[in-house]
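A.B. asks: Each chain, written out:
Protein chains: 2
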Amino acid sequence: MSVVTVEVGLGDRAYDILIGPGLIARGGELIQQRLPKARAAIVTDENVAAAHLEPLVASLSAAGNVPAVIKLPAGEKTKSFDSLQTVVDDIIAARLERGDAVIALGGGVIGDLTGFAAGIVRRGMNFVQMPTSLLAQVDSSVGGKTGINSPRGKNLIGVFHQPKLVLADTAALDTLPLREFRAGYAEVAKYGLIDRPDFFAWLETNWREVFSGGAARIEAIAQSCRAKADVVARDEFETGDRALLNLGHTFGHALEAATAYDGSRLVHGEGVAIGMALAHRFSARLNMASPDDAARVEAHLRDVGLPWRMADIPGALPDAEALFGYITQDKKVSRGALTFILTRGIGQSFIARDVPASEVISFLKENHAG
Amino acid sequence: MSVVTVEVGLGDRAYDILIGPGLIARGGELIQQRLPKARAAIVTDENVAAAHLEPLVASLSAAGNVPAVIKLPAGEKTKSFDSLQTVVDDIIAARLERGDAVIALGGGVIGDLTGFAAGIVRRGMNFVQMPTSLLAQVDSSVGGKTGINSPRGKNLIGVFHQPKLVLADTAALDTLPLREFRAGYAEVAKYGLIDRPDFFAWLETNWREVFSGGAARIEAIAQSCRAKADVVARDEFETGDRALLNLGHTFGHALEAATAYDGSRLVHGEGVAIGMALAHRFSARLNMASPDDAARVEAHLRDVGLPWRMADIPGALPDAEALFGYITQDKKVSRGALTFILTRGIGQSFIARDVPASEVISFLKENHAG
Chain A
1 MSVVTVEVGL GDRAYDILIG PGLIARGGEL IQQRLPKARA AIVTDENVAA AHLEPLVASL
61 SAAGNVPAVI KLPAGEKTKS FDSLQTVVDD IIAARLERGD AVIALGGGVI GDLTGFAAGI
121 VRRGMNFVQM PTSLLAQVDS SVGGKTGINS PRGKNLIGVF HQPKLVLADT AALDTLPLRE
181 FRAGYAEVAK YGLIDRPDFF AWLETNWREV FSGGAARIEA IAQSCRAKAD VVARDEFETG
241 DRALLNLGHT FGHALEAATA YDGSRLVHGE GVAIGMALAH RFSARLNMAS PDDAARVEAH
301 LRDVGLPWRM ADIPGALPDA EALFGYITQD KKVSRGALTF ILTRGIGQSF IARDVPASEV
361 ISFLKENHAG
Chain B
1 MSVVTVEVGL GDRAYDILIG PGLIARGGEL IQQRLPKARA AIVTDENVAA AHLEPLVASL
61 SAAGNVPAVI KLPAGEKTKS FDSLQTVVDD IIAARLERGD AVIALGGGVI GDLTGFAAGI
121 VRRGMNFVQM PTSLLAQVDS SVGGKTGINS PRGKNLIGVF HQPKLVLADT AALDTLPLRE
181 FRAGYAEVAK YGLIDRPDFF AWLETNWREV FSGGAARIEA IAQSCRAKAD VVARDEFETG
241 DRALLNLGHT FGHALEAATA YDGSRLVHGE GVAIGMALAH RFSARLNMAS PDDAARVEAH
301 LRDVGLPWRM ADIPGALPDA EALFGYITQD KKVSRGALTF ILTRGIGQSF IARDVPASEV
361 ISFLKENHAG
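Protein chains in written order, with the UniProt record's numbering: chain A, 1 to 370; chain B, 1 to 370.
Worth double-checking, as some hints may not be accurate.
Which copy is meant is left open, because identical chains are indistinguishable; a pair holds if it fits in one copy or across any two.
Unchecked claim - Pairs of lysine-lysine residues, derived as DSS-like cross-links and limited to a Cα-Cα distance of at most 30 Å, are as follows:
{"no.": "1", "residue 1": "K154", "residue 2": "K37"}
{"no.": "2", "residue 1": "K164", "residue 2": "K77"}
{"no.": "3", "residue 1": "K37", "residue 2": "K365"}
{"no.": "4", "residue 1": "K77", "residue 2": "K154"}
{"no.": "5", "residue 1": "K164", "residue 2": "K154"}
{"no.": "6", "residue 1": "K154", "residue 2": "K71"}
{"no.": "7", "residue 1": "K77", "residue 2": "K37"}
{"no.": "8", "residue 1": "K365", "residue 2": "K71"}
{"no.": "9", "residue 1": "K77", "residue 2": "K365"}
{"no.": "10", "residue 1": "K164", "residue 2": "K365"}
{"no.": "11", "residue 1": "K71", "residue 2": "K37"}
{"no.": "12", "residue 1": "K37", "residue 2": "K164"}
{"no.": "13", "residue 1": "K154", "residue 2": "K365"}
{"no.": "14", "residue 1": "K71", "residue 2": "K164"}
Think of the hints as simulated: they come from the structure by calculation, not from any bench.
Taking the hints into account, I'd like the entire structure generated from these sequences.
C.D. replies: Quick look at the structure:
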């Protein structure tokens, strides 16, 4: 199977995303092509290290670049100030310079944390992403957002720091639990729903092949990266259009918070899946989109095995007012109105700047599981 | 006395530096002009707060913007990961958004730390500098370098984050100890020595008026900011010319490290003063510049009361080899050669990329105090 290259066009910060099987084991050679003479440090977590560290270290060493290895515990708790300090100190202790390369080998947590560390050591070092989850390959590895969590909210602390190269090894996804692959797939479908109706239709037909691997999977990841790269190139620092990428995330984040970020009940991509279905249903309720489109989104999420309504979340949820409270924690409510990503139909999403709070609360009441 | 404005031309990151007396007490109005509706947090240290916090809080409050205040201990130890976390947490706790303003009220330590915090909360908030030391007004407040220290070296962790506005209140300098004012003056003289021979000549004539305050002081600060702004506009991210700003800093940093950053023996600006004199003397020894120019630099530093040779540092210094060790800690030595800022004469400095280590060591031996 051949490797697909997606170029992220950001002027002098432009970079390539390579997508295909076996890229981790070719890391040494591919990094050397772009960053000759750069020494390297790999940041990873214990789970990913067990599956993928050895071939990467071997490949870098074969290219004459024996890397420092910084290994952290797996899980969301690692996106903390403490871990950031550990990574920063270890990179400095390894005596890496600005022109050397910090490699993130892992999922979104490792990518976000490592990118942040690479962005602040010596005011910005070379950064290479090797995302090993579907979510990281199609979302967090494109666009340069890095960060950690604050006790007061997720991703509140970070920088924009673009990688020099992204290697998305599609074979690494074979080691993912099905539930995690599915959760990442929610973000793939999101790109169709934002502004690529043809891609969404293609997914409705081809999703089984995307799940089973092979060329369709590479194609879906490449389309997703292209879609995100287009938005990011238009609005690198999120002052406008980039907000479209939050489709499904307002409801989704509220549900994640309402379930106390308990991954046994709801993981991020599942929250986004339910959030996207709700955003379409809410748009229909506001007479902005056809209820048929909302039904089509719900059907596709159900087909692939993703949750699509609040009732799909195991355990009890807080009531509608409390859910609304989680939404407003996330954003400013000015004069009783909120900003939401809504839609006029499949692939026609837009930024709605004055959604009345009262409509949101009524909608949550109608769609509440309880 | 009128206020002078220096524009830092960085495209969509351009900003103004206002220089003149009484600007702190006008902070509320001046910030509101540029950032209408922005709420504010002030970061300062206990010493500066005693002298300057009240008028600033009053001015902001009068403009309808009651600020959050984050007060830290004074001193270099505050440039730490712990303080960074405190400032970041406090900004988030004050519920400030990206469009709100984080104000640094203080010297270089507060400016560097606060700029870093403003650069990473929500991936970059508005930042306003109100430098209260001469060093901060002419150096750290121009150019967007922010950062903290690592146990392994100074300023190793940080970001480039440009302020939206700098208010350099020249009356605030009247509260500085003379020794601190002098140390800041070393960086003023540096701009003449880098590439403005007329400015250096003007300083030789007018330095007494710069020290006593008034129009000459404002003029010297404005010239310094213009000089630094020119270099920064050419090379925002320090990939080339910006290195010229390190004139005097290679020797200076080594001497600071050799005296264990003990401010009772040597403060940063004094290290730079000795470093600039040594850079000129070393250039003369390498037959690149006239010894007369080195003598002229030494004479001016002596006139204003700054140390200009290693013998001026109280207490014993490590021997020449050990000093050379401190220099190489700071930079890469590739194949026995180092990069230095040298000069062909007053105002004719340049980046020398392959200075033989052996020449540096011989020079240090000849000029050693012991």
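A.B. asks: Does each hint hold? Answer for all of them.
C.D. replies: Evaluated hints:
1. In this homomeric assembly, K154 and K37 come within 30 Å of each other (Cα to Cα) only across copies, at 26 Å, whereas the closest approach inside a single copy is 36 Å.
2. Proximity of K164 and K77 under a CA criterion of 30 Å is satisfied intra-copy only: 27 Å inside one chain copy versus 34 Å between copies.
3. Proximity of K37 to K365 under the C-alpha cut-off of 30 Å is found in neither arrangement, the shortest distances being 59 Å within a copy and 35 Å between copies.
4. Proximity of K77 to K154 under the C-alpha cut-off of 30 Å is found in both arrangements, the shortest distances being 11 Å within a copy and 29 Å between copies.
5. For the homomeric pair K164 and K154, the shortest alpha-carbon distances inside one copy (25 Å) and between copies (26 Å) are both at most 30 Å.
6. Taking the shortest alpha-carbon separations for K154 and K71, both the intra-copy value of 22 Å and the inter-copy value of 26 Å come in at or below 30 Å.
7. In this assembly of identical chains, K77 and K37 lie within 30 Å of each other by CA distance neither inside one copy nor across copies; the values are 34 Å within and 36 Å between.
8. In this assembly of identical chains, K365 and K71 lie within 30 Å of each other by CA distance neither inside one copy nor across copies; the values are 45 Å within and 45 Å between.
9. For a Cα distance limit of 30 Å, the shortest separation of K77 from K365 qualifies neither inside one copy, at 32 Å, nor across copies, at 53 Å.
10. In the homo-oligomer, the alpha carbons of K164 and K365 never lie at most 30 Å apart, since the shortest distance is 46 Å inside one protomer and 44 Å across protomers.
11. When the C-alpha separation of K71 and K37 is checked against a cutoff of 30 Å, the pair qualifies only within one copy, where the shortest distance is 24 Å, while the shortest distance between copies is 44 Å.
12. For a Cα distance limit of 30 Å, the shortest separation of K37 from K164 inside one copy, 14 Å, qualifies, whereas the shortest one across copies, 38 Å, does not.
13. For the identical chains of this complex, K154 and K365 are intra-copy neighbours only, at 26 Å inside a copy versus 55 Å across copies, given an alpha-carbon limit of 30 Å.
14. In this assembly of identical chains, the alpha carbons of K71 and K164 lie at most 30 Å apart only when taken from the same copy (22 Å versus 39 Å across copies).
Comparing the model with each numbered hint stated earlier shows that hints 3, 7, 8, 9, 10 do not hold.
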